[in-house]
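Q: Here is what each chain is made of, one letter per residue.
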Amino acid sequence: MILVVAEQREGVMNRVSWEAVVAAQEMAVQGFGPIKVVVMGSTVAGVADEVAAAEVAEVLVLDHPALEPYTSDGFVRALSQVVDAENPDVVVFPHTYQTRDYAATLATRNQRTLVTDCIGIKSGPDGVLFVRPMFQGKFVADVAVRGPVPHFVSFQIAAYRADAVARGVAIAPTRRVEIALDVANIRQRPEAPFKEAKQAVDLTQAERIVAVGRGIKEQEHLPVIQKLAQALGAEVAASRPICDTGWLPMDRQVGSSGQTVAPKLYLAIGISGAIQHLVGMKGARTIVAVNKDPDAPIFEVADYGIVGDLFEVVPALTAALGD
Amino acid sequence: MKIAVCIKQVVTRDWPLRVDETGQWVRDRDASFEMNEPDAYALEEALRLKERHGGEVVVCSAGPSRVSQVLREALARGADRAIHVESDALATADTLTVGKVLADALRGEAPDLVLTGLQSDDQGFGQTGVVVAELLRIAHSTIIMEVQISGEDHIRVKRELEGGWFQWVVMPTPALLTIQSGINQLRYATLRGIMAAKKKEVRKVEPEVATGEFSQVVVDLYVPEKGKKTRFIEGSSTEAARELVRALREDVSVF
Numbered sequence: 001m002i003l004v005v006a007e008q009r010e011g012v013m014n015r016v017s018w019e020a021v022v023a024a025q026e027m028a029v030q031g032f033g034p035i036k037v038v039v040m041g042s043t044v045a046g047v048a049d050e051v052a053a054a055e056v057a058e059v060l061v062l063d064h065p066a067l068e069p070y071t072s073d074g075f076v077r078a079l080s081q082v083v084d085a086e087n088p089d090v091v092v093f094p095h096t097y098q099t100r101d102y103a104a105t106l107a108t109r110n111q112r113t114l115v116t117d118c119i120g121i122k123s124g125p126d127g128v129l130f131v132r133p134m135f136q137g138k139f140v141a142d143v144a145v146r147g148p149v150p151h152f153v154s155f156q157i158a159a160y161r162a163d164a165v166a167r168g169v170a171i172a173p174t175r176r177v178e179i180a181l182d183v184a185n186i187r188q189r190p191e192a193p194f195k196e197a198k199q200a201v202d203l204t205q206a207e208r209i210v211a212v213g214r215g216i217k218e219q220e221h222l223p224v225i226q227k228l229a230q231a232l233g234a235e236v237a238a239s240r241p242i243c244d245t246g247w248l249p250m251d252r253q254v255g256s257s258g259q260t261v262a263p264k265l266y267l268a269i270g271i272s273g274a275i276q277h278l279v280g281m282k283g284a285r286t287i288v289a290v291n292k293d294p295d296a297p298i299f300e301v302a303d304y305g306i307v308g309d310l311f312e313v314v315p316a317l318t319a320a321l322g323d
Numbered sequence: 001m002k003i004a005v006c007i008k009q010v011v012t013r014d015w016p017l018r019v020d021e022t023g024q025w026v027r028d029r030d031a032s033f034e035m036n037e038p039d040a041y042a043l044e045e046a047l048r049l050k051e052r053h054g055g056e057v058v059v060c061s062a063g064p065s066r067v068s069q070v071l072r073e074a075l076a077r078g079a080d081r082a083i084h085v086e087s088d089a090l091a092t093a094d095t096l097t098v099g100k101v102l103a104d105a106l107r108g109e110a111p112d113l114v115l116t117g118l119q120s121d122d123q124g125f126g127q128t129g130v131v132v133a134e135l136l137r138i139a140h141s142t143i144i145m146e147v148q149i150s151g152e153d154h155i156r157v158k159r160e161l162e163g164g165w166f167q168w169v170v171m172p173t174p175a176l177l178t179i180q181s182g183i184n185q186l187r188y189a190t191l192r193g194i195m196a197a198k199k200k201e202v203r204k205v206e207p208e209v210a211t212g213e214f215s216q217v218v219v220d221l222y223v224p225e226k227g228k229k230t231r232f233i234e235g236s237s238t239e240a241a242r243e244l245v246r247a248l249r250e251d252v253s254v255f
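Chains as they are written, first to last, in the numbering used here: chain A, 1 to 323; chain B, 1 to 255.
No wet-lab data here; the hints were simulated from the structure. Just so it is clear, the structure is predicted and the values come from calculations on it, not from any experiment. A few of these clues could be false.
Calculated lysine-lysine pairs in the DSS-like style (CA-CA distance at most 30 Å, straight line) [unchecked claim]: (1) B:100 / B:158; (2) B:158 / B:204; (3) A:217 / B:199; (4) B:100 / B:204; (5) B:158 / B:50; (6) A:264 / B:229; (7) B:229 / A:122; (8) B:200 / B:50; (9) B:50 / A:195; (10) B:100 / B:199; (11) A:227 / A:217; (12) B:158 / B:226; (13) A:217 / A:292; (14) A:292 / A:227; (15) B:226 / A:292; (16) A:195 / A:122; (17) A:122 / B:228; (18) B:228 / B:100; (19) B:2 / B:204; (20) A:217 / B:229; (21) B:204 / A:264; (22) B:199 / A:227; (23) B:50 / B:228; (24) A:122 / B:226; (25) B:100 / A:217; (26) B:2 / B:226; (27) B:158 / A:195; (28) A:292 / B:204; (29) B:50 / B:199; (30) A:227 / A:264; (31) B:229 / B:100; (32) A:195 / A:292; (33) B:198 / B:50; (34) B:228 / A:264; (35) A:292 / B:228; (36) B:228 / A:227; (37) A:217 / A:122; (38) B:199 / B:2; (39) B:228 / B:2.
With the hints as extra help, turn the sequences into a complete structure.
A: The following block contains the structure:
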């Protein structure tokens, strides 16, 4: 049996949870058995009804005031009880900041590890293999899970298409699961989420973006990029390391911890293309990559590629635009 | 306040990696290695907390004999002591195995805080810290962008959430935090630090590691297949730039 842990916020299931359901539906075909989806929080009946329309065997509802707001202790204690009672072969999570906070705790409590960040499933002679990026996306690994069940896996954002979810012929039954959860045992005391000072730049509205990565080497070299952006009428963006070092402000960051963009044109300059960056920009219509390493993972998503020294190529591009 | 920092040694970012003859790992025998970058931010945060609140910073790394290099580096940046959990099998071990040896090494130290980076640049499981917290039975929080020591036995930490959101979380110590890159500005070792590091203690622990018990195993490691057909534009920089601008204008009309 496959247990999918769906994530919701304020009564709306997030897209990556639907993607996890699609991944589970593919695993079901490969012989992992029926799918149960667990929906947890406080007043989550609407989400449960929505999930019940998908082709799943059952929807489990964990409705408890101590599950709102989210805490790792609360979620681990609640889900441990579900795992013990339902005895799944595999527990599937969407790979989100929230599951990164608690899913490995749950796995450890079961003397298991979590296969994180999966982007696909394969069947091999040894059974199912989970496909996940390694070494910053330079390689992909087929991972076999060993030892007793349950196995724990999480699926990366956009690994599957949420709109590919199979609908059931009938509405799946919904079952309320009673859990024992004492607020006194929850060690984390979360405060209300907030946003930092209003973002000055809304990259999501930009038609063209010139993004810069580690290849720029020094902050003093940034004007090379800014000139190209100006010539293109584009916004300047960056991968995380450039913002970490303070060379560009955080609101210029594209990727899983920054903005998700889908411009008409995305130029990735000196960006190797770690998965955390790719998830933020692979929806762009046309992607151009300039990188000195022909094996850089950024070329996997690029429509056009120039392998070369950005300090030669970028000024040449700026000049060519002026012709 | 005693702060333990778990650091990992990984292949240098720019090293031209190739898959090795087993097809299950990278050829790293002749590679150069460095401190995993998120762990460097965790170490920096520990050093800053010590400067503000006093105490001791103990660094711990699990791996073959080569990882003593990153421990020396950490001592040179200002850590007080180091623990090397040494075994060749730890280079490719799963997170539960690594978590167990790290937790065993730290348990006797009884640190008030354990810090580590949110993920590693090689395997990238992003869970070792969370696993260690569970094995030590201490509270944890992940992807932290600020740490405040509030009173004797509590901390208040700023968690990064998705889409530009943040959240403060209060929890009791001892606690484990996984640190997000960019939380601070890194310092580099000074010559004086490098000299001082030579006199600092590196304690060695040699656990039994049963390689047959890993719960996840890489059976095949390969270069990813391209999702898109990339058109590589060749020629001199000037020629390539002209052709790219033409293609963007005429073939896909993006400006």
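Q: In ascending order, which of the hints set out earlier in this document are inconsistent with the structure?
A: 2, 3, 12, 16, 18, 21, 22, 23, 25, 26, 28, 31, 32, 37, 39
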